[in-house]
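Chain by chain, the residues run as shown.
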Amino acid sequence: MAINWQAYENPGFHDELIDSGGQVRPPARELLTYLDSLSTDEIHERQHAAELAILEMGITFTVYSEGENIDRAWPYDIIPRIIDAATWRSVDAGLRQRVKALNLFIADIYGEQAVIHDGVFPRTLLDNSANFRKECVGVRPPQDVWAHICGSDLIRDHEGRFMVLEDNLRVPSGVSYMMENRVLTKRVFGELFENTSIQPVGDYPTKLFDMLAALSPRPMDYPEVVVLTPGIYNSAYFEHSFLAQHMGAEVVEGSDLVVGSDDCVYMRTIDGPRRVDVIYRRIDDLFLDPEAFRKDSVLGVPGLMRAWRKGNVGLANAPGAGVADDKVVYAFVPDFIRYYLNEEPILPNVPTYRCYLDDERQYVLDHLDELVVKPANESGGYGMLIGPTATKKDRKHFARLIRNEPRNYIAQPLIRLSTVPTVVDGSVEPRHVDLRPFILQGDDMYVTPGGLTRVALRKGSTVVNSSQGGGSKDTWIVDNGDA
Amino acid sequence: MLSRVAERVYWMGRYLERAESMARLVGAHSNEVMDLPVSMRGGWEELADITGARDAFAGHYKNYDERNVVKFLLADTFNPGSVLTSVRAARENVRTTRELLPTEAWEDMNRLYLYVRDHVQRSLARRHRFEFLHTVIFRCQQISGALAGTMSHDSAYDFVRLGQSLERADMTTRIVDSAVAVLMPREDIPEEYANVLWVHVLKSLSAYQMYRQHVHPRVVSHDVVRFLLQDTPFPRSVDHNITVAEACIQALPRNEATLRRVGRLQRRINEAEPRDMSMDDLHAYIDVLQAGIGEIHEQLTSTWFHLDPDAVPVDG
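Respectively, the protein sequence lines represent chains A and B. For the first sequence, our numbering begins at 366 and goes up steadily by one. For the second sequence, our numbering begins at 2 and goes up steadily by one.
It is worth saying that the hints were derived from the structure and are not from the lab. Since the model is a prediction, treat every value here as computed from it, not as a measurement. A couple of the hints might just be wrong.
Just a few of them, taken from the derived set where beta-carbon distance is under 7 Å, the chain A residues facing chain B [claimed, not checked]: (1) Gly423; (2) Ile597; (3) Ser606; (4) Ala609; (5) Gln610; (6) Glu615; (7) Val616; (8) Asp621; (9) Thr634; (10) Ile635; (11) Asp636; (12) Arg659; (13) Asp723.
Glycine included, C-beta positions come from ideal geometry on N, C-alpha and C.
Start from the sequences and build out the full structure, keeping to the hints where you can.
Shown next as structure tokens:
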């Protein structure tokens, strides 16, 4: 037996494969039995084979560092994370409920603003919102859906409860890595798939294509759907290309597209111009159209907003959808669920203190050494304060930031994130994880079974972002777990 | 297909071919240079000149010795024609068109790049060089094979082949011209030495065996020139590659202007009679062929890679 499970412990945290008594959780039994049958050398060999496959398959992400772009190999840990199907069913239901409410909120905000009139959401927050787009007021996109693709970040606390940490409604990324991680696990642990029913994740591109195709202004079976990328130096370029390839769509850059005097979008092809029906855009709002937003954007397409407002092209996600992708707005999502759907939230939020409210701000300032402080509109784990481990100087700095711009900060208690066994220097140790499932909303909804598990590779760390040394794991939703 | 994508796969074809040709050229030269008489041992200098990057070389090196020239042609990133630069550029073009090409071809391309990156320094030593060059050639062929065998022969494939065939035609003219450059100032060179040089040219293009089978066992300069420029069946001859390019262009839309330029070049290839040409004539003639290849490249660039703005509905 190569892995010493006796030595594997992590008191005070919820481990997803091993319970607090050191027993294997039922859905993971098959995996652990298998791992136990491997020698240390064999485990090394598998990890090595996976890393080689990553290089050869060219699974990369791009990091901008020291003035140049580096294409880095995707960090992947061979031990999958396992969630039993029964637990997942309620997460799935919670995500559907949440995204439905978020879309109703966005449509409302750009429409009647009933949520403000009814006193559920304060207008001042909207006035100070970085992602509210006045250019979108009055627009009614097909099916009234704005956030077609949502990537919500989930964590599990010390009791294993799932909670939503944030919703990414602008251009969430990671789904291609979710699929590639499965391909890698099949290569490394192919034997395990014989006896375990693991829900497949490979049909995401089909679901994505169907959802996008339904946005076409011209009804037909195969409308021209394209993926709009900022270009090959974008950190998620791999994913843009991956999704396009799996949907059989073109990847286009802004310069490939042009808006004609008929306010339709065309792409430059070797046959001449060709009409584009739907754009899955992976460019931020402000760079989409230099006529409507940032004049200096060279990534976008002049006139694109005009074409979209006239209904001549579908855009996913719709411009302005990011208004709900704001950590202050996040704190209101449970209220939105009650207000729009008349239901109780299935998935809880992490308790959140809103610094624009006097009493909550005072609490935050008094408890900076216990809390995690986040800016309202950053992603990728940047600009955060992790109170318990921060220096006194950092805490003072953040106290000043919060007083200067209270609207721009929220704080949350430090959640003791769950752990999953992870290969570290040849042995197996617990490491903290989060989970990003992807939710599609069109006529129907679709939730990926599982999602992208990110793992903080440094001992004790909770920073899972790949740009900051995080790794990833395949995520299994296992049907025959009897927990 | 998108114009930008067409342009990238075209360049992928060119760079892939460039890497392979360069590997063949350096391999043949490394083998043959020993056989040349001392008076013609300038050999490494001509080799560095073949890629037309004389200034780049002179900017970094003083001496045209074997080590410098081999490093320049295989490993130097400031040389736009080196094996490393070509393979990297080919990979970059594949990386940005992955959604179009078979995954297998991308993985092979990636492996080729990683191999060259990790082994090119070692290859500068003669004892490791042949294995390195052999592997590069083998992997380039593997990628061409993966494309031919697993990619639909659609427009994207036509652009890859178009890039490969124009690059190969261009490289053949350069290699023939390099021999002409050696012989031109020395019309009095004894025939047996001149023949050694022409054998070397044939070997650089992996053409020696086919020449002897299809022309005759004796190596005679004007027959070699005719074979390399005008022999349609031989896959590295100029005529063969322009014929391939023509077939690709014929399958593409809006091809009239480009086909006219192909026709003009074909006429020039076929009307020449190498037997009647001096080395000076030959040198001038090769310039004409290279200009013809350049014209095709420019025409196809403006037809397919740069969209005519008049074609899109615009205001007014």
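Taking the hints in turn, this is what the structure says about them:
1. Gly423: Since the shortest Cβ distance to chain B is 5 Å, the answer is holds.
2. Ile597: Given a least distance of 5 Å, the restraint on Ile597/A holds.
3. Ser606: holds, 5 Å
4. Ala609: Ala609/A check passes; min Cβ-Cβ to chain B is 4 Å, inside 7 Å.
5. Gln610: holds, 3 Å
6. Glu615: holds, 6 Å
7. Val616: Interface hint status for Val616/A: holds (6 Å vs cutoff 7 Å).
8. Asp621: holds, 5 Å
9. Thr634: With a closest approach of 6 Å, the Thr634/A hint holds.
10. Ile635: holds, 4 Å
11. Asp636: Cβ of Asp636/A sits 5 Å from chain B, so the hint holds.
12. Arg659: violated, 23 Å
13. Asp723: violated, 52 Å
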